[in-house]
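Which chain is which? The protein sequence lines are Z and A, in order.
Throughout the first sequence, residue numbering follows our numbering, covering 1 to 602 in sequence.
Throughout the second sequence, residue numbering follows our numbering, covering 1 to 98 in sequence.
Check before you lean on any hint, since a few could be wrong.
[Unchecked claim] In the DMTMM-like style, the derived pairs of lysine to aspartate or glutamate whose C-alpha atoms are separated by at most 25 Å in a straight line are:
(1) K516(Z) / E59(A)
(2) K490(Z) / D356(Z)
(3) K232(Z) / E336(Z)
(4) K263(Z) / D85(A)
(5) K278(Z) / E304(Z)
(6) K133(Z) / E37(A)
(7) K305(Z) / D72(A)
(8) K263(Z) / E88(A)
(9) K263(Z) / E37(A)
(10) K588(Z) / E13(A)
(11) K278(Z) / D85(A)
(12) K490(Z) / E598(Z)
(13) K590(Z) / E13(A)
(14) K278(Z) / D87(A)
(15) K329(Z) / E520(Z)
(16) K263(Z) / D197(Z)
(17) K523(Z) / E13(A)
(18) K263(Z) / D292(Z)
(19) K310(Z) / E71(A)
(20) K516(Z) / D87(A)
(21) K551(Z) / D244(Z)
(22) K574(Z) / D558(Z)
(23) K588(Z) / E555(Z)
(24) K551(Z) / D204(Z)
(25) K185(Z) / D197(Z)
(26) K574(Z) / E71(A)
(27) K263(Z) / D87(A)
(28) K278(Z) / E59(A)
(29) K305(Z) / E71(A)
(30) K490(Z) / E37(A)
(31) K263(Z) / E71(A)
(32) K310(Z) / D72(A)
(33) K310(Z) / D394(Z)
(34) K490(Z) / E13(A)
Hints listed in this document are in silico derivations from the structure and should not be mistaken for laboratory results.
These numbers were taken from a predicted model, which means no experiment stands behind them.
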Amino acid sequence: MRNLNPGQAPIPASVLYSRATVDLTAGSVKLEEVPCRNLEDVLGGFGRSFQLLAERNVTDAYAPENPLIVNTGVLTGTEVMTGLRVYFSAYSPLKVSNKGLPAAMWSAGSGNFGSKMKWTGLDELIVTGRSGKPVYLLLTEGPHVEILPAADLVGKDTHGKIMHLAQKHPQGHVASIGQAGEAYKTNYMAAVALSTDNELKSKDDKCRFAGRGGMGSVMGSKGLLAIVAQVKDKPGKVTPAIRDLNRAISGGPGSAKFREADKQGMGGTWSNYEPMEKFHVVPQYNFRPLADGKVPLLFRENVEKEFVVKAESCYRCGINCHKNIYERKPDGSKGEFRAKFDYEPLDLLATNLGIDNPAEAWQLIKLVDNLGMDSISLGTTVGYVLDYNARHKDRPLLNGATFGQFDKIKWLMAETGMGRLPEIGRGVKRLADSLHEPGYAMQVKGLELPAYIPDTNPGYPWAIAGGHMSMATFLLLVMQGDTSLDYWVKAITERGLYQVRDDLLGVCKFAGMNHKQALESLKSVGLAVTQEELLAATRRSYLRGLALERKQGYEDSDYTLPAQVFEHPNPHLKTPNFVTPEFFRELKTKVWAVFDKEIAAL
Amino acid sequence: MSIRIAFPAQFAELTGGAGSVTVEATTVGEALARLTERYPALASYVWPRGASGVGGRAELNPVIVVFLNGEDVRHGGGLAAALRDGDELTVISAVEGG
Numbered sequence: 001m002r003n004l005n006p007g008q009a010p011i012p013a014s015v016l017y018s019r020a021t022v023d024l025t026a027g028s029v030k031l032e033e034v035p036c037r038n039l040e041d042v043l044g045g046f047g048r049s050f051q052l053l054a055e056r057n058v059t060d061a062y063a064p065e066n067p068l069i070v071n072t073g074v075l076t077g078t079e080v081m082t083g084l085r086v087y088f089s090a091y092s093p094l095k096v097s098n099k100g101l102p103a104a105m106w107s108a109g110s111g112n113f114g115s116k117m118k119w120t121g122l123d124e125l126i127v128t129g130r131s132g133k134p135v136y137l138l139l140t141e142g143p144h145v146e147i148l149p150a151a152d153l154v155g156k157d158t159h160g161k162i163m164h165l166a167q168k169h170p171q172g173h174v175a176s177i178g179q180a181g182e183a184y185k186t187n188y189m190a191a192v193a194l195s196t197d198n199e200l201k202s203k204d205d206k207c208r209f210a211g212r213g214g215m216g217s218v219m220g221s222k223g224l225l226a227i228v229a230q231v232k233d234k235p236g237k238v239t240p241a242i243r244d245l246n247r248a249i250s251g252g253p254g255s256a257k258f259r260e261a262d263k264q265g266m267g268g269t270w271s272n273y274e275p276m277e278k279f280h281v282v283p284q285y286n287f288r289p290l291a292d293g294k295v296p297l298l299f300r301e302n303v304e305k306e307f308v309v310k311a312e313s314c315y316r317c318g319i320n321c322h323k324n325i326y327e328r329k330p331d332g333s334k335g336e337f338r339a340k341f342d343y344e345p346l347d348l349l350a351t352n353l354g355i356d357n358p359a360e361a362w363q364l365i366k367l368v369d370n371l372g373m374d375s376i377s378l379g380t381t382v383g384y385v386l387d388y389n390a391r392h393k394d395r396p397l398l399n400g401a402t403f404g405q406f407d408k409i410k411w412l413m414a415e416t417g418m419g420r421l422p423e424i425g426r427g428v429k430r431l432a433d434s435l436h437e438p439g440y441a442m443q444v445k446g447l448e449l450p451a452y453i454p455d456t457n458p459g460y461p462w463a464i465a466g467g468h469m470s471m472a473t474f475l476l477l478v479m480q481g482d483t484s485l486d487y488w489v490k491a492i493t494e495r496g497l498y499q500v501r502d503d504l505l506g507v508c509k510f511a512g513m514n515h516k517q518a519l520e521s522l523k524s525v526g527l528a529v530t531q532e533e534l535l536a537a538t539r540r541s542y543l544r545g546l547a548l549e550r551k552q553g554y555e556d557s558d559y560t561l562p563a564q565v566f567e568h569p570n571p572h573l574k575t576p577n578f579v580t581p582e583f584f585r586e587l588k589t590k591v592w593a594v595f596d597k598e599i600a601a602l
Numbered sequence: 001m002s003i004r005i006a007f008p009a010q011f012a013e014l015t016g017g018a019g020s021v022t023v024e025a026t027t028v029g030e031a032l033a034r035l036t037e038r039y040p041a042l043a044s045y046v047w048p049r050g051a052s053g054v055g056g057r058a059e060l061n062p063v064i065v066v067f068l069n070g071e072d073v074r075h076g077g078g079l080a081a082a083l084r085d086g087d088e089l090t091v092i093s094a095v096e097g098g
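So here's chain Z without its partners, still in its complex pose:
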């Protein structure tokens, strides 16, 4: 990216970003510099990609004209801590309106690939068309882009593809799909795996993921099995201002939740289990907490009786949010790597499925990671299958698995990852609709819910991508306990939507940057932006997401919650049951009164 007026308020047209457009049908690559249209173009991430998606008419996510947009934020590849995010955007095969049209989505990931891509000189890669044979893209400094044959990658899992390509391209980092992405026709929830330094050095399967929305399936549909960015690292100058900023990020309250206890932290998202269990809101048995005392079996203190937990990190990040589980040897030392325990995969692939044994939990997490699927979408869909089978013992689905049956659950996940179970692979909305039992399918607008029960979050319908990473209302009831209409209208329209700010900038949400720190970060790369401008760009980007949903046929009936929330309140919850049909109707009216005006003015 070149800013022709550094140090001043950015004039978008004076900021040029570098784009490669690859047509896999024609086998062509076009490189160009593109002037920005507005501040969100300058900042990048989904702020730019959603503007590009709005220009395309796509009715089939697997059509060659659906563009896969891979881009970074303006802070990716800089010395700002957690400045390493990369974004995959497209029309999603998984998230679909009731009219059957695919919704625009983005998915974000960490690891080293984003920084490497930025260091080649490329800000944005747009992939269209479809290759007749499996291929991968090689990005090198220039930037240059080559389309290369990938027959030797077919059938390898995420880690296998990454290690193969990393060996072939020294100093390269990889974005790849697993078998699930190759099975795109029957698996709409494939993720994109992103390599890490730790993975390449240790040879353990410690990649990161851009999981949501089936971006790995879109890659598979194009015959694109991986992308490699190969360039020497380009660490920048760490100025005193950046050093102080990074200290504040890595040691301050914003990231404290994700750090270890010896760094005044709470131990990561895994530690959500304990406070949430006090309210009985940890999902169990398909998002239906039971208050049965089993949730604590996967509290960290209990897992550490059997396993060694080590906090590790992405490239040059001081937060160490990865909580990696290792075998505990007889002498107490660390043995073989097992899996990474984060709250979402741990709950949705274990607790929510009636699996309370950490030895079984890590096997499921590892399996799903290696096959390359989104833990959230897969776990939630499998949860539905188990629930259906518990309700219909006389006519169960598939292998009849229900809650707690580890071997059967593992089989369902393995077969789905290999593309042999489209019932699961195509997501919970399609499955539940086909069975005419949608009420307990945990999805909103076609996308499976993360591990926060909808009974406590009427903000879900206004998330424009992942349910909790694009609308920060999912823990408010637990945090503040306010059930008033006015509170929730404001929570959605004035606060929660700013959750997406960091998905323009290229930094990780776990840095917990306040707005002041975000502005200092931008200043460090020569962008003098005010808080008002940053928030306005964030808000416009969010509103474009809602506008894009309308473009793809989303109507009032799409903006709802699973019927079970309204019809069968869970008596075990220790939170108020306030999401009634009347409340939700009023909430929609008031929220749309705010957003409709702004969308019209975009």
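Given the coordinates of chain Z, work out where chain A should sit on it, guided by the hints.
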């Protein structure tokens, strides 16, 4: 005693953007009471439902954790822990998405 209290971005939204404040207090509980008196919007985060007044705030909201000079107060005196001039409290949420 002059005490600095730092808190994360989600709380800063409710304090007009301030990421930290300085209060006068002799115990952790008193410092937090001063905080929520100055910023009433933080009260529902810091104290359990229905708690009111300093006397009624004998415990924290279970979703909040407080560190005193880097140590979790739950392991060192709790809200009754004594403060010294220049001490720093960090208030963080015990729950976060991801």
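Can you name, in rising order, the numbers of the hints this structure does not satisfy?
-> The structure conflicts with hints 1, 2, 3, 6, 9, 11, 14, 15, 18, 21, 22, 24, 25, 26, 33, although it agrees with all the remaining ones.
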